[in-house]
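Following the hints, put chain B in place on chain A, whose structure we already have.
One-letter residues, chain by chain:
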Amino acid sequence: MNTMTKMKPGLTLLSVILLAGALSACGGNDGNEEKSSASPSQSETAEGTADAKEVTITLSTDNSQDAVNTANAYIAAFEKKYPNIKVELETRPGGTEGDNIVKTRLATGDMTDVFFYNSGSLMQALTPEKNMVDLTNEAFQQNVIDSFKSTVSYNGKVYGAPTASTMAGGWFYNKKVYADLGLQVPKTWAELIANSEKIKEAGMTPVIGSYKDTWTSQLVVLADYYNVQAQVPSFAEDFTAHKATNAGTPAMLRAFEKLQELHDKGLMNKDLLATTYDVGLKMLAEGKGVQYPMLSFATPAILQNYPDQIENLGFFAQPGDDASSNGLTVWMPGAAYIYKESKHVEEAKQFVAFVASVEGTEVASTVSKPTGPYLIKGASIPDDVPSLVKDMLPYFDNNQTAPALEFVSPVKGPSLEQITVEVGSGIKDAKKGAEAYDQDVEKQAKQLGLSGW
Amino acid sequence: MNGVFKRTYSYWFLLPAGIIYLLIFLTPTISSFFFSFTRWDLSDWQYIGFENFRMFFREQSLAIGFRNTLIYAVVTSSLKVVLGLLLGVLLTSKLRSKHFLRSIIFFPTLVSTIAIGIAFSMMMHPTEGLINSALSVVGITGPDWLGNPKLALLSVAFVDVWKGVGIALVIYIAGILSIPEDYYEALQIDGGTGWNKFWSIIVPLSRPATHSVIILSFIGGLRSFDLIWTMTKGGPGFTTDLIASIIYKQYQGGFYGLATAGNVILFLVVAALAVPLNLYMNRKEVDL
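Chains as they are written, first to last, in the working numbering: chain A, 1 to 453; chain B, 1 to 288.
Excised from the complex, chain A in its bound form (with noise of 0.2 Å):
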């Protein structure tokens, strides 16, 4: 990195000048501001709070349409309660795409003052102490719910805060079908297939696959994660201490197994590589495809894009092998960081102590309806979200939810996506990729320099 700077004497000297010229420039002009504002015939145009000095903090989300719509809406609303404060937004890739850029706009110094990330396994791949303010402290905290402070927190120190409401990782089911074709929401992953079969006997696909967005088709092993915490509730621990694997942990092998079982039976559509994220969600709404095992996240596109067919849509949890405990695997939302070499610490702090109340919340669900309940203490869902949503709602209010591993765990390898294909599409086995899995999140664990590695 040090070369790129020192490139070439030349440069560095035009660079130089420039810089020179430019920081004389702001120099002229900040004089040009004290005199103005100090002369009281220009005063005309400002108003009430004029001495109050105007200050631009930026804001990082991924470009997703759901992110850059919320994050406009959080915008517009700070702006119009702190009017001195402008917030101006970039966007960045999603996916590892996304954590790339992140990374190294950290690493390189060149970070937004506030960015919305991802919180859990990918939050503690950042450094947190190196890169974020502490936000321990702060009175928003209070607001936050104490099971979302843990998935932002690093050796003790809080350093974020929820920008949406909790998702969930689970099947989407088109309940018009399932009503034509008499069956029932299941409750063990037996009925799952006996549901399934039917559907294909009926000349529909019964699981959407789409793979060509790769990251769409780890859900099944990760929405597993409620049965598995369920049957070995000490694996999240083990499995950071290297204590467990997947491949040795037969519950964790199981979620694979499923995947494989898909596959094998031969439940997913067969252009499932070619497909994507949009094209699956078009099958779910069109009908095309009855069962999706996708994030909760998908409402807001489905909303958008097919408003009519919505209502025929709805949610279950991964059922497990035993019908007496089944339960919904939890997403928390990503959070607002606060970037610590920020030169508008204050300001920042105030945008996302706005993200982290109520009034946020509720300026949040005009433009992106929840999909889970909010992590802040008082908000509450409208009426009006999508009935697939209230389906969720039974999960957590009978306390049948456990958050994903990647929440409870910092351990999560990169090419899991890459893994699941392989299992979801027959090239290796469950137990081959699970046991693959385990040998790539050896490289994650050693980066973070976890101990028992």
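Hint data in this document are derived by calculation from the structure and do not stem from the laboratory.
This structure is a prediction, so every number in the text was calculated from the model and none was measured.
All C-beta atoms in this analysis are idealised placements derived from N, C-alpha and C, irrespective of residue type, glycine included.
Be aware that a few hints might be false.
Said to hold, decoys possible - Interface residues of chain A toward chain B, partial, derived using beta-carbon atoms under 8 Å:
no.	residue
1	T214
2	A247
3	T249
4	A274
5	T276
6	S425
7	D429
8	A436
9	D438
10	Q439
11	K443
12	K446
13	Q447
Claimed, not checked - Per the computed footprint, the stretches of chain B lying under chain A, defined by three or more beta-carbons under 8 Å from a beta-carbon of chain A, are:
no.	stretch
14	39–45
15	55–64
16	81–90
17	188–195
18	237–248
19	253–259
Chain B in isolation, oriented as in the chain A frame:
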């Protein structure tokens, strides 16, 4: 000594270029050798010896890149040689539309690789793509070009050849046109056939062109990245991962030390294959 004093230009003239070379080529190269032995997060590093290299060779999803890269480089460069030579012979003959055809074949070289990748991955869609729709008209059920693990790498290699054969063609045209007429006249006097002309004159005497094509496309194939990334992202699973795409994914994962180690390996592999290949072919070259 005398030589030095008689130089027209002093050594100082080398300094600007030397500094640039030192700072933006040598320093990164040497520092990358260093960082490949560390666990590195762009700011902090920790020396871990050969651990990164061990990991690169041990992990199946990383090691698969070597096999794929070799297959890809061999397939693309050999197809470019064969097709480039045949097209070169055709398009240096007395064909009326040869200038038009030359442009047609060269045209894909001018198009952005990313655009080609996106266009072909749409055409290769198993059910809605142009290729399989066309095949189904004549009653053939086309395979899943990019989804079938056995086929995907070859499908991408095919697109690479389609895109790159124009360069090979240009090199061959230049090579074939530089063969002196005398040889053809001698052939005529000896009563040689068209086959003799091709096999005994054009093939051996365009060997410099062949070598350029092989070296260029082989090295290009070894470090190919953009096409494979737009078409398959190394998938399905890891089946079309090349060394370069694996390195990229390690950077994405934040494993900077590991990724740098991968780059060092790629450098050594390219050098180990390209240098002997170059030496071997230089020895075989025939003077015109």
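Hints versus structure:
At about 6 Å, the closest approach between the beta carbon of T214 of chain A and any beta carbon in chain B falls short of 8 Å, and the interface hint on this residue holds. About 14 Å separates the beta-carbon of A247 of chain A from the nearest beta-carbon of chain B, more than 8 Å, and the hint is not met. Given hint, T249 of chain A at the interface with chain B, is violated; its Cβ is 21 Å from that chain's nearest Cβ, farther than 8 Å. Taking 8 Å as the C-beta contact cut-off toward chain B, the hint placing A274 of chain A at the interface holds, the least distance being around 5 Å.
The beta carbon of T276 of chain A comes no nearer than 10 Å to any beta carbon in chain B, farther than 8 Å, and the hint placing it at the interface is violated. Interface restraint check for S425 of chain A: the shortest CB-CB distance to chain B comes to about 6 Å, inside 8 Å, so the restraint holds. Violation of the interface hint for D429 of chain A is found here, the shortest Cβ-Cβ separation to chain B being roughly 12 Å, above the 8 Å cut-off. Interface restraint check for A436 of chain A: the shortest CB-CB distance to chain B comes to about 6 Å, inside 8 Å, so the restraint holds.
Checking D438 of chain A against chain B by beta carbon gives a least distance of about 11 Å; that is not within 8 Å, so the hint is violated. Using the Cβ-Cβ criterion of 8 Å, the hint placing Q439 of chain A at the interface with chain B is satisfied: the shortest such distance is roughly 5 Å. About 6 Å separates the beta-carbon of K443 of chain A from the nearest beta-carbon of chain B, less than 8 Å, and the hint is met. Hint status for K446 of chain A relative to chain B: holds, with the closest Cβ pair at about 7 Å, below 8 Å.
Hint on Q447 of chain A holds. Least Cβ distance to chain B is approximately 6 Å, under the 8 Å limit. Residues of the stretch 39–45 of chain B with a Cβ under 8 Å from some Cβ of chain A number 4, which satisfies the need for three, so the listed coverage holds. Restraint check on the stretch 55–64 of chain B versus chain A: 5 residues with Cβ-Cβ distances below 8 Å, three needed, restraint holds. With 0 residues carrying a beta carbon less than 8 Å from a beta carbon of chain A, the stretch 81–90 of chain B misses the three-residue requirement, and the given coverage is violated.
Chain A is given as covering the stretch 188–195 of chain B, and this is violated because 0 residues of the stretch bring a CB closer than 8 Å to a CB of that chain, at least three being needed. Coverage of a stretch by a chain is defined here by at least three residues with a beta carbon nearer than 8 Å to that chain's beta carbons; for the stretch 237–248 of chain B and chain A the count is 3, and the condition holds. Beta-carbon proximity to chain A at under 8 Å applies to 4 residues in the stretch 253–259 of chain B; the threshold of 3 is reached and the given coverage holds.
When the structure is compared with the earlier hints, violations turn up for hints 2, 3, 5, 7, 9, 16, 17 and for no others.
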